[in-house]
Structure formats: structure tokens, C-alpha cells
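Chemist: Residues per chain are reported as follows:
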Amino acid sequence: MNAYFPFLKKYLTAFLMAPLLVFIDVMGEIVQPVLMSRIVDQGVQEKNLHYIIITGITMLVLSIVAIIGNVGNIYYSSKASVGFAAELRQGLFRKIQTFSFLNIDKFSSASLVTRMTNDINIIQNVVMMSLRLLIRAPLMLVFGVFMAARINSSLAFIIAVAIPVLGISIFFILRKSFPYFLRMQQKLDHVNGAIQEDLMNIRVVKSFVRESFEEKKFSISNNSLRDAAIKASAIVVMVTPVMMLVMNISIVAVVWFGGKKIISGTMHIGQLMSFITYITQILMSLTMLSMTIMAFSRAGASSKRVLEVLNTDVDIVDTPSALERSIKIKAGKVEFRNVAFKYHKEAKRYVLNGINFIAHPGEQIAIIGATGSAKSTLVQLIPRLYEVGKGKILIDDLELKDYSLKNLRNSIGMVLQKNQLFSGSIKDNLRWGNPGATQEEIILACQEAQAHDFIMSFPKQYETELGQGGVNLSGGQKQRICIAMALVKHPLILILDDSTSAVDSTTEAKIQDEFKLYLKEVTIFIIAQRISSVQLADKIIVLDSGKIVGMGTHDELMKTNKTYQEIYHSQQQKEGAVK
Amino acid sequence: MSKSVNLLPSGLPGHHGYVSLEKAKKPGMVIIRIWQYFGKQKILFLLVILFLLLNTAASLYGSYLLRPIINNYIIPGRLQGLLQMVVLLMAIYLLGVIAAFFQSRLMIHVAQKTVNMIRADMFCKMQTLPIRFYDTHSHGELMSRFTNDLDNVSDALNDSVTQIISSLITVAGTFVLMLYISPMLSLVTIVVVFAMFWLAKLIIQKSNTYFTGQQAALGILNGYIEEIITGEKTVKVYCHEEEAVDDFEKLNKGLLKKATKAQFYSGIMMPIMQNLNTINFALTAAAGGIMSIVTGLDIGGLAAFLQYSKQFSRPLNQISGEFSSFQTAMASAERIFEVMDQLPEKADEKQAVELVNIKGEIHFNQVTFSYNPGKTILKNISLKALPGQKIAFVGSTGAGKSTIINLLPRFYDIQSGDISIDGTDIRMIKRKNLRQSLAMVLQDTHLFHGTVMENIRYGSLKATDQQVIAAAKLVSADSFIKRLPKGYLTILEDDGNNLSQGQRQLLNIARAAVADPRILILDEATSSIDTRTEIHIQIGIDRLMEGRTSFVVAHRLSTIINADKIIVLEQGEIIEQGSHAELLKQKGRYFELYTSQFD
Chain A
1 MNAYFPFLKK YLTAFLMAPL LVFIDVMGEI VQPVLMSRIV DQGVQEKNLH
51 YIIITGITML VLSIVAIIGN VGNIYYSSKA SVGFAAELRQ GLFRKIQTFS
101 FLNIDKFSSA SLVTRMTNDI NIIQNVVMMS LRLLIRAPLM LVFGVFMAAR
151 INSSLAFIIA VAIPVLGISI FFILRKSFPY FLRMQQKLDH VNGAIQEDLM
201 NIRVVKSFVR ESFEEKKFSI SNNSLRDAAI KASAIVVMVT PVMMLVMNIS
251 IVAVVWFGGK KIISGTMHIG QLMSFITYIT QILMSLTMLS MTIMAFSRAG
301 ASSKRVLEVL NTDVDIVDTP SALERSIKIK AGKVEFRNVA FKYHKEAKRY
351 VLNGINFIAH PGEQIAIIGA TGSAKSTLVQ LIPRLYEVGK GKILIDDLEL
401 KDYSLKNLRN SIGMVLQKNQ LFSGSIKDNL RWGNPGATQE EIILACQEAQ
451 AHDFIMSFPK QYETELGQGG VNLSGGQKQR ICIAMALVKH PLILILDDST
501 SAVDSTTEAK IQDEFKLYLK EVTIFIIAQR ISSVQLADKI IVLDSGKIVG
551 MGTHDELMKT NKTYQEIYHS QQQKEGAVK
Chain B
1001 MSKSVNLLPS GLPGHHGYVS LEKAKKPGMV IIRIWQYFGK QKILFLLVIL
1051 FLLLNTAASL YGSYLLRPII NNYIIPGRLQ GLLQMVVLLM AIYLLGVIAA
1101 FFQSRLMIHV AQKTVNMIRA DMFCKMQTLP IRFYDTHSHG ELMSRFTNDL
1151 DNVSDALNDS VTQIISSLIT VAGTFVLMLY ISPMLSLVTI VVVFAMFWLA
1201 KLIIQKSNTY FTGQQAALGI LNGYIEEIIT GEKTVKVYCH EEEAVDDFEK
1251 LNKGLLKKAT KAQFYSGIMM PIMQNLNTIN FALTAAAGGI MSIVTGLDIG
1301 GLAAFLQYSK QFSRPLNQIS GEFSSFQTAM ASAERIFEVM DQLPEKADEK
1351 QAVELVNIKG EIHFNQVTFS YNPGKTILKN ISLKALPGQK IAFVGSTGAG
1401 KSTIINLLPR FYDIQSGDIS IDGTDIRMIK RKNLRQSLAM VLQDTHLFHG
1451 TVMENIRYGS LKATDQQVIA AAKLVSADSF IKRLPKGYLT ILEDDGNNLS
1501 QGQRQLLNIA RAAVADPRIL ILDEATSSID TRTEIHIQIG IDRLMEGRTS
1551 FVVAHRLSTI INADKIIVLE QGEIIEQGSH AELLKQKGRY FELYTSQFD
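Same order as they appear, the protein sequences are chains A and B. Read in order, the letters of the first sequence are residues 1 to 579 in this note's numbering. Read in order, the letters of the second sequence are residues 1001 to 1599 in this note's numbering.
Below 27 Å or equal to it, Euclidean Cα-Cα: the simulated DSSO-like pairs (lysine-lysine) are:
#1 Lys1233(B) with Lys328(A)
#2 Lys187(A) with Lys1040(B)
#3 Lys1040(B) with Lys217(A)
#4 Lys406(A) with Lys328(A)
#5 Lys1432(B) with Lys216(A)
#6 Lys406(A) with Lys1250(B)
A short, non-exhaustive set of chain A residues, derived as facing chain B with CB atoms under 8 Å:
#7 Met36
#8 Gly83
#9 Leu199
#10 Ile269
Bear in mind the hints are in silico, worked out from the structure with no lab data behind them. Every residue gets a Cβ at the ideal spot worked out from N, C-alpha and C, and that includes glycine.
Please model the entire structure based on the sequences and the hints provided.
Modeler: What follows is the structure, encoded as C-alpha cells:
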């Protein structure tokens, strides 16, 4: 709860006003039956028209006062719940922006999105609900009992029995149903998983003609979901008949004992009528309260998921001294000193181990190795997207920690393997890393990345709107725009993580020529699959299962390095044979 | 789950929402089709209605009994008779409780069985839809039919249907009894009910307007969240965090204003109706009191009448509350039926045959194909593959390589020309027989939840364990499988996430091997694998291809150099074909492609 306080601070008035106004509503409503009983007992029985009119007007006025309370309550509770949700959403978004890659990996994007949308929505609804029902129902209950007891304290024993009987029954029904709902949820997940799997594999299903096989498999999980659902619901629907039973028995008891009292002259008919009304109201409020609490407890899961994000320790943060000194990268020399890394502290094996090398400004460093040899991991350590485990990385002879994240990353241009484009124009995208970039800078970067020509071939050129994820571009076009995006930042260190895989070899060669020409001062890291993409590099690092197994130029490695030779031959294979 | 409780809807926000943004276009049709789904449950459903009537009647009559009880027993002081009446009242109420019990119990069966059948039908439908359908509909879109839409239908069946019926009957019954007790006094209720309707209409109008605004703003905001969070890593790499927070703040503020109003108007409805009911109660009490004195309305009648008027708003509130979820459910059901009404793959021709002992000779004769009219993907493709030959397709992205090989299993039907296997037009072969005679290995590895053994056996359900192992050995997958924690019985979860990309692909290839087809199709089977691993897999593939006609699309030319025929495609047309050596000599497009990969 404390964690939420900062987000509801701004709406504190609304949070306080809403319950207060419910109070007015309850007061206006709860006295109605008593006044009604007076109309019957003192007005009708004594034929006092004047009294009836006066009391009627009082009832009317009170119910209008109740409207004011009610509308006010809804006004403030909408304000409070929506406002709180907005603040919370904002806080969550802000928090996620500070996440390191490790934090993001831990949650997965899809789950973060659900937390920011669905979960917050559920919380908003629950807040709205609690500001009304969670307060109204107990008030109605308490005041109902009070009023009923005032009418006739000896009849109140019926209420004293009914409340615990009903309360305990509902409690047991709900508690019993809970594990069944959990089981149902599991079965549902199972069914949805099966559908998802079938959707993904539809071509396989069709090509092996396994349609009826899949249908049979599905009907098993589908039927067991049905059975689980029936079991779970069968328990929970008991609440209604049980409530009816308790309420009806109470009413019958009131009629019998009350009737006897009236006959013996210790009670009036109007009082009996209002007593019945109160008892109905009390038991309804009790049921409402228990259902509300149940809905509330279900929102607990959402709340937990939101808090999990808010309470996450961000593992990569600026040190105060780095912020204060605000050093900027000047040259772009990169040095790895005995670097080791693993994603999780508990993991036994290091993903990268014993990495040592120096990259001087203006050098091109290529990294090659099989899938899973941790090439991407290695370069992602440079902009501190992940934190080094052992050893250190130095840029311009200072440790990464000595730079603020902003200064560090602003000087590094990086194209991720799964780099994304965002909706907006091509120009908007290009300005992402450098909002102040001029038109000329942008065009220059695109020319270097061999993107200018195809961009100009679009009817709207740089103003072309991209769909989400840049869906309207081909793979190679996307990659070239991403490279241009990195170049617009005027980086001192440029990292390309397999970012020309969809670009054809001729264009790739042109891009590399441009780099040689215009990025003479920039330290460039290139990860690639093809030998042809790396053979001109100043230094090639051969990675195998997280270790450097070779380092040197193409010619050196061809002579000395077995892994490199293997990669080379795997790509040249059979060529000689046919020629 | 709370929704299964009848009492609940008279006040829980979140559940209600008097907003019906979506409406079924043809509600009548939807109802008829759902009714058909009730199927065997029809009798059960009629029983539900019967119990519902009993339940409602019992509760209405129970309240009415107050009149004679007060008039004839309490006021005259007849204790003996009172006892009898109380027993009668108890009996009626008990009857109501029992009816309520059966009503809800039986309805669960009707609802869950119906939902179960709809879900099963939808799943079966999915199996029959053509691949083209999956090209044009995202998985997410289809999943939401199964999850959101089916949930809505299920909720409506669980609650809304019986709730609406019972509320309608309650309102009608109450009103009739009110008129019976005192037509004059009923005037008060009539006036208030009119006021209720008028006010409700006003509120709904307002609420709809603001809700549309809120939904639009929410849609934009959620879209932004999804885009940024999914691309969060890119955001960090470009230091775009601050801008993102600013943009988000703007969108979030835009939503705040609209959402507050939408919440207010949709939340205000029920409380206001409750208040109006209180006013009704107050007016009725006063008017009833006056009438008692002036026109001699009996006290018992007044008591029963007041009892009715106190509860009058509840069914009304329920109807309006449930009606909106009912409407949502109708719209959802319509979307579900939309999927069910999609045209399945064309049925086999009447004269379609089953090929036996396929040799594997394939002809493409002047084949032209387009996904959408006007944009031809393949033009005049003619080619011939002799039994056992390996045919490779090369060309740049979008040249139509994958399209060609997807025509063979009839994932798509061609517009003109013909494709034949052993001289029989594939349109004249039974689809099942056609597909069983070929096996495909695709670029994306597709595995199912289950053991390694089961995954390979997917290729031929009849295969014995020995046959599965033999197939794995053939494609050199056996050695790595044996090294898995439980060997062939290792369970693959999450699409085989516990295996490497290369291992997953080997299982796919083994699956094709166990099917033992005459024709083999490999669509970029090794593209997402690094070159060293590829060599290893290629050995398995080559062994599998021996003696089978194979169509291969490859990303890296090294894997297809030994093909019997290489076909070079450009913009949907064959521009060159021949063996590797022949094509190199031509110094054409193939030469260009080849040398750029191996310079």
C-alpha cells in the first residue's frame, strides 16, 4: 500500500471526499423505512393526514439529499480512480525506461505490456469499486442493524443469527470454490496454449494431414476444461440459493414473531414492515460485501504484478560521481580486461569468459562465431546494456562506470540484431538518437548507409510514414535505415550486430567503403555471419562458446586458426569441386 | 467468477458499463445459431426457464402473502391462522429456493457445454481453412476470438440470459400485482419509471459519447505502450527514454480527461436509479398512507405494495446492466461465427483420384499465380522434375521462390496453367493423398508440446519406435537426441526452447524422414542456422533427398550446387535454368549471385 501512496497523493482530496459522500447517501437511504413505518403507524392508524404529508416530504427531501451524496461520490471516485491509474501508469512507464536489458529480459516485453494495460485497468476498476461499495455495504449493514434494533430489540435476535450464518456460508462456499477456479484457469491456459500451438504450426499440420489428429488432441483438453468449469461454477452459484434461504427464513421468522408481538400489542404493523425491509437490506449488503471483497482479492494478483515492476531493483544506474563529473568520451578507445559475464548470478557457467582485447579509435573490429557463441552479448557490454561480471571494460582508459549512462550511450551508435523501427515518418525515426539533427546530417547518414536512394524513390521520400515496426519496408531496407539511425548520432564507437544480414553483398560492400572513407576516426565493431563481410577488418575476433579462440587479420587467421578455417570452408564448400 | 451470482450486478462497476459500443449486425441470426448450439441442451434450457418461472413466481407470491397475513390474521389477531400462513409462506419460499438452485445448476451445464462445442467447432474449422486465411489474419486476431470473444459469450450464457429473462418476468409480475392491489397507487410508480427511463436514456447518451472518446484515447495509448515496450531495447540504445516519457505523458493526460468523464457517466447510472427508487418508495409511502385514509386501501395491501416498490429498481437495473454485456456477447458471437463462415479449402473434385506408388515426376505447365488479383506473383512458370531429381530455386527476396513450392501441396490454387504429379493434375488428386505423398521442411522450426519421439512420429502416426529412431539416424539426429536428459522421451516445451536452432531443425527433418514421402520440399530449411552447423545438417538433408524428388529453396548457394537443376527466378519469371556448371558458364544472373556470395 505504501508503494502506491506517491501515485494517489495528487488525488488525496478525491480519495477522502468519495467515502464521505457515500455516508450522506447511506444516511438518506437508511431512515426511509423507519419514516415509512411512522406513516403507517402514526399516520394511517391515527388517520392523521397532516402527519403523513409532513413525513412524506421529509422522506422525499432525504432521498434528494442522498442523490447529492451519490453523484458526489461517483464524481470523486471516478476522479480518484482514473487519476490514480494514470499516475500509476506514468510511474510504471517511467520505471521501465530506467530498466537495464537484464530487467527487461526478466519480465519479457509482452508481460510488461500486459502489466501496463490490463493490470492497471483492473486496479482502476477496483479502486472505483472500493470507493463506493466497499464503504457503502458495511455502512448499510451497520446502520441497518442499528435501525432494526431500535425498532424492536427483541426481534433483533433474528438478525444476530442470520448475519453469521450467511456470512460463514458464503465464506465457505467461496473458499471451497477457489481451488476449483485455479484448476479451471490452468485448464484454460492449457486449451489456449494448444490453440496457439496449432495456429503457429498450421502449415505443418496441413502438410502432414494431421487435422483430425489435432482435433482429437484438442477435444481432450477442451472437454476437461468444460468439466473443470462446471465443477467450479457449480460451487459458486450456491451463493444465491443460500442467501435466499437465509433471507426467507428470517423474513418468515419476523412475520411470525413480529405478528405475535403485534397481536399481543407490543409492536405496530408499520414497524413489522420496516423490519422486513431492514433485514432484506442487511443481508443483501452482506452478500454484496463478500462479493466485493472477492473481486478485490482477485485484483490482488494484478497489484502484485504492478508492484513487482515498481519494486524492481534496476541493476545498472549512474553513480552520483559519474553524474557530477559528466565526463564525455573523446576518442573511442575500447579495452576489455579479463571480462567475464553471466546473465544470472546463480548461473554456474559464464556466458563470456576471459575476454581481453583493445580496439583503437578508427579500427574496425569484426566478431565472428557460431550462433550461441555470445557475440551479441559481448558487444552489448560496451554501452553497458548489461553489467560486466568480472574484469572491466575501459573506454578512453576510464571504466564504464565513470561515465554517466547518457554520455556513454550518446557516443555509441549501435544497431541491434533485432533493431526496431517505430511508427512515424522515416525522418522521425532517423532523428531518434539525435533530435536536433539537420536535414543535411540525416541525408548524409542515409547516403553512407546506402539508404538515401531507396528512400528518395518513395513518393513521400523522407516523410514516408512507417507502420509499426516498419512493416512496409523490406528486411534489407529496414537494416539500412537502422544503420543510418546510428550514424545520425555521430558516434565515436559504432556497433553493428549482424545488421547487414538481409542486405545483399554488393550493397554491403558499398556501406563498408563509405565507412572506410567517412568514419576514419570511429571505432567500429561488426558482428557478421559471412566471411566476406569481415575479411577486410583490422582485427577479427573468433568467438567460440564465450571464449576468444582466435584474433588477428583474415590472412593471419587463415593460417593459424582452425575454427576460422572451418567457418571459411563451410562457406566456400564445393566451390572448387565444381569449378 | 463472481458473475455467476444473481444478486451481484446491481452495483458492481467494472462489470456493468451501460455502454454498447459494439452491436451485432444481425442479432436475430446470432440468436438462432446459438440456439442451435444448445442442441441436446435444449430440453435442459427449457427446464431452466421452468425453474426460473417457479422461482420468480414464488418470490412474487411470497411478498403478496403479506397482504392476507396482515389483513386477515395479524390485525384480527388470529394466532392459529397466522401460524398456518407462516408455514405456507415458508413452503413457498422453500420452493423458490429449490427452483433457484436447479435453475443455476442446470444453466451451468447448458452454458459450459455450449461454449465447449463452439470452441471445438472453431478449432475444427481452423483446421479446414486455407493457408491464405492465415496469411491475412494475425494469430493475435484469431486468438482473441478464442479468448475474449468466447469469454464474452460464456459470461452471457452463464448470467445474462437467465438474468434478463428473470428480471423481465419480475418487472412484469410486480407491475401486474401492483395494479391488482391498487391501480391508483401504481400511478406513482408509473410516473417514476418514466422518469427513470428518460434519465437513463440521457445518461446512456452522454456515457456513450465519452466512452467512445475514452476508447479511442486508450487505443492510442495502449498502442504506444506496446510499441515502445516491445522496442525498449532499441529505445535504450538510442537514449530515447526521456522523449518517450514526454510523449507518453501527453497521451496519458489526454486519456485522463476523457476517462474521468466516461467513468463518471457510466458509474452514475445505477446509483441514480437506486435513488429514484428511493424517491418512488417515499412517494408511494406517503400517497399510500393518504389513500389508506381517503379511499380505504387496506393496510396489508399497502405493506405488500411497499415491499414491491422497494425492490422495483433491482430487476430494472439488472436488465440494463446485463443487457450491455449481452450485446457485447452478441457482437462477440457474431465475430466467432464470422470465422466459422469462412470458406474452407475447396472440396476434392468428384472424380479426384488417389495416387498409389508415386514415382515423383512433377510438371509445371505455364503456371500463373497471384495472391490478389492484379498483382501477379508467378508468370508462365514451366518446369519439369524427373523422379529423384533435386530442383533448386534461387533469386532475390520476393522473386516467388517460396510461392512456387507452396503451390505443390495446394496451399494455394493457381489461376491458370497446371501442375501435375506423375501426369495427374494435382487438382484431380485427393488433397489428403496429395499432401501425404510429400513432406515439407520449413525455415521456422515447428515443434509441438510432447516428447521428441512424438514430435518425430508426427510425420507418420503409424511409425513404430524403431522406425522413428531409424529416421533420426538417417538424418543424423540420433546422436544428439541420445544425449538429451531423457533421450527420445525428453519433453519439448515452448516450441522446443530447450534445444538449439540446429537441433530443432534436425527434428523437423527427421519428421519428414519418418513420413517417407516420394516428394520432398525444403523451404529455406537451413537459413537461420550458422554455416558450420549447416554443414552438419546438410549431411542429413542430402541423405534424406536420395531417391526422392525434391524442391529446394536455399538462402546460401553452397547448399544447392549439386542440384540436378537450378532455376533462377526474378520477379515471378524463370530467367535461367540449368545445372550449376551450365549456369556459371552463362555468366548471367546466377553467376552474379554466386560470385557476390563467394568473392
